[in-house]
Amino acid sequence: MTVPLQAEALDISFKLVPAIIVFLMMASFLVIGYVFKVADTEGMWVAGRGIGNIENGMAIGANWMSAASYLGLAGLVALSGFYGLAFIVGWTTGYFILLIFLAAQMRRFGKYTAPDFVGDRFNSPTARALAAFTTLLIAYVYSVGQARGMGLVGQYVFGLDIIPMIVVMMTITVGYLALSGMLGATKNMAVQYTILIVAFLAGVYVVGFSQGYSTILPQIEYGALMADLGREFSAPFVNQPFYIWIATAFSLIVGTCGLPHVLVRFYTVRSERVARWSCVWGLFFILLLYWASPAMAAFGVDLFQATTGASAYAAEGGMSGAEGDVIVVLAAQFANLPTWFVGLVAAGAMAAAIATTAGLFITASSAVAHDIYTELINPEATQRQQVLIGRGTIIGMGALVTVTAFNPPALIGELVAYAFSLAGVVLFPMFFLGLWWENTNRQGALAGMVLGLLIWITSIINSVLPNYIGALGAAAGESGALVPIYAQYVPPIGAALIGTPVVFVVTIAVSLATPEPPLETKKMVRQCHSPEPMGQQETAADVVGDSTSGGTPADD
Amino acid sequence: MYDNILVPTDGSKTAENAVDQAVDIASKYGATVHALYVVDVDATSYSLGTEQVDRIRQGNLEEMTEINEDADEATGYVRDRAAEHGLEVEEHITAGEPARAIRKFVEDNDIDLVVMGSHGRSGLKRVILGSVTEKVLRRTRLPVLVVDVHGETDIEE
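Protein sequence lines, in the order shown, are assigned to chains A and B. The numbering of the first sequence is the working numbering, which starts it at 1 and goes up by one. The numbering of the second sequence is the working numbering, which starts it at 557 and goes up by one.
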């Protein structure tokens with residue numbers, strides 16, 4: 001499926017006030033980033049002046065909620081009705097697994113990047129390299145959705161054609177990140193969260209109130225519209241079969257727990273307690289948007305029908321994919337709200353996309369500069385070399401993402417879901433087994449990761465590439481997939497439903513068949529999930545290293 | 557004339573190049589050599605993630621063992637060279653934007669002379685890569701001895 005390039009119903013023209021809003025927003029990110037970077041280093045040594053749960057929770061919210069949450073979620077609900085709910089379920093449930101099984105344990109392990117964890121836990125440079133490669137791939141696929149979202153809403157504000165618009169928005173974002181990585185600093189993330197949540201909720205409340213849909217709780221009141229919208233939105237499994245619904249939700253759940261740019265937040269907090277509470281606050285801040293998202297979709301669909309006088313139902317030639325992707329902005333536009341207000345809603349989408357892109361690009365740059373270059377190629381790398389490599393990665397990846405976003409294979413939400421599948425298939429089993437089963441060893445991890453990558457990549461080759469490569473397209477024929485049965489059960493969007501259990505089984509089987517990992521590693525794993533609380537700035541490695549005479553981890 | 561001489565170092569050959577000069581001057585005046593390693597927050601951000609900058613700002617630099625090892629290796633070189641001449645050495649680690657952090661250190665520690673290496677970049681390279689040395693030169697009122705890596709020495713960059 002190739003998505004139509006731009007949203008026909010959107011009012012595409014240059015608008016001065018919204019442009020000023022966007023400009024001020026970007027300028028504020030710049031200023032905050034600069035102040036953070038050069039802030040007097042004196043306060044630095046004051047221990048305990050840590051980042052609180054709420055601030056960290058907001059940062060998790062901004063890092064997490066991208067154009068896919070802001071725009072894509074409502075878009076999927078607007079286009080596919082009940083199927084869209086799989087995304088809401090998937091993108092929130094994952095946090096429970098994160099909270100119970102990973103957040104505090106990751107804090108205990110106490111490393112820097114996701115590939116760091118994989119490399120150190122499995123004592124393998126190859127595993128580190130595979131994890132770094134997966135991180136890059138996730139960041140790339142994930143960011144294509146962001147570039148697309150920024151381009152689409154940018155059109156409302158600046159009025160360029162879609163391709164130049166994507167280029168402009170990505171150039172600004174990438175340029176910023178290449179000059180300073182400080183967009184991802186907690187303070188900046190918290191501001192980005194505030195902007196995006198205020199813009200989104202203002203949009204929902206004002207549209208709902210001004211159009212008479214809702215008063216104080218649009219999150220619930222939109223239910224009254226359901227009868228008008230028609231069965232195709234509320235009836236289960238009309239637009240996508242049961243299997244895809246489950247596969248999508250499952251992929252998003254395990255993907256959430258495997259995303260490198262989400263997990264890094266937990267390494268840095270003061271204590272495991274803060275790690276847990278940040279997770280809870282993060283989920284709450286995310287829910288503020290997710291509760292309101294279906295309401296915005298419902299308002300948007302109803303207004304679309306009222307404005308265009310046609311059925312919005314996509315299968316009947318109603319709303320196009322691009323229109324669905326900007327339904328949040330379209331709803332505000334159809335409600336005849338002033339352009340500055342619609343511009344604010346659009347600016348919120350940009351804040352969401354920029355915050356997540358920053359998080360993703362920095363994980364990509366660290367995967368290359370730290371995990372691949374410094375750890376594997378040149379251990380003597382100076383800080384300056386790392387900066388150069390990091391900037392180079394950001395610019396290279398930015399160019400690749402921009403070009404791919406010109407003609408994306410799917411909707412924003414679906415593109416991002418591909419990245420989740422990948423994270424769920426390859427990284428989640430490594431994190432989970434790595435932290436909870438001490439006998440997981442190098443051979444098991446390598447076998448599992450290679451297999452996981454293979455499952456995901458073949459799924460993409462099977463279902464997505466035929467749209468781009470003529471020869472594959474011809475071979476795929478009508479069904480659009482090279483091997484239809486594989487596409488049916490291992491679709492890119494839900495590859496984890498089969499992929500993740502298979503990777504678990506293979507990792508466990510290979511680990512059992514090969515020698516156990518060294519005792520040192522096992523002790524570290526025990527320390528990570530021991531019920532005994534750990535000191536604030538300790539890591540599992542410290543505890544294991546300190547304990548002389550073969551020290552006993554707390555749960556022995 | 558000089559009591560406290562600062563040698564900022566990032567562990568690179570360029571920086572190490574300046575150490576001999578610093579040690580030589582210090583032994584003439586019986587000065588204390590201060591070796592300073594600045595954890596560049598930009599490098600931290602690009603190679604470890606921006607969250608780690610927050611971690612440093614929270615005062616948790618000590619728990620970041622790899623960074624401390626790098627710092628120790630860099631300042632250790634200065635320590636060893638100075639020790640050969642029986643000089644007094646102090647090793648320091650700080651974090652921030654390098655030129656600013658150096659300037660701040662100079663102000664807080666009664667430094668009388670800064671000795672640092674330079675790549676001697678010019679033109680486009682200078683625009684892209686910038687120069688910590690140049691910034692320090694412009695922003696402090698102290699004497700700064702710049703040892704060009706392309707100078708008389710045959711040490712490769």
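To be clear, the hints were calculated from the coordinates, so they are not data collected in a lab. Certain hints may be false.
[As the list claims (entries may be wrong)] Using 30 Å as the maximum straight-line C-alpha spacing, the simulated BS3-like pairs for lysine-lysine come out as follows:
hint	chain 1	residue 1	chain 2	residue 2
1	B	K660	B	K691
2	A	K37	B	K660
3	B	K569	B	K691
4	B	K691	A	K187
5	A	K37	B	K584
6	B	K691	B	K584
7	A	K187	A	K37
8	B	K691	A	K37
9	B	K569	B	K584
10	B	K569	B	K660
11	B	K660	B	K584
12	B	K569	A	K187
[Said to hold, decoys possible] Just so you have them, the derived chain A footprint on chain B, three or more residues with Cβ under 8 Å:
hint	segment
13	559 to 568
14	592 to 600
Note that beta-carbon positions come from the ideal geometry of N, C-alpha and C, so glycine has one too.
Each hint tested on the structure:
1. B:K660 / B:K691: holds, 13 Å
2. A:K37 / B:K660: Distance of about 15 Å is within 30 Å: holds.
3. B:K569 / B:K691: Judged against 30 Å, a Cα distance of about 20 Å means the pair holds.
4. B:K691 / A:K187: holds, 27 Å
5. A:K37 / B:K584: violated, 38 Å
6. B:K691 / B:K584: holds, 28 Å
7. A:K187 / A:K37: holds, 11 Å
8. B:K691 / A:K37: holds, 16 Å
9. B:K569 / B:K584: holds, 24 Å
10. B:K569 / B:K660: Within the cut-off at roughly 24 Å; holds.
11. B:K660 / B:K584: OK: K660 (chain B) and K584 (chain B) at ~26 Å, within 30 Å.
12. B:K569 / A:K187: violated, 36 Å
13. 559 to 568: holds (count 3)
14. 592 to 600: holds (count 5)
The structure does not agree with the numbered hints 5 and 12 stated previously, though it agrees with the rest.
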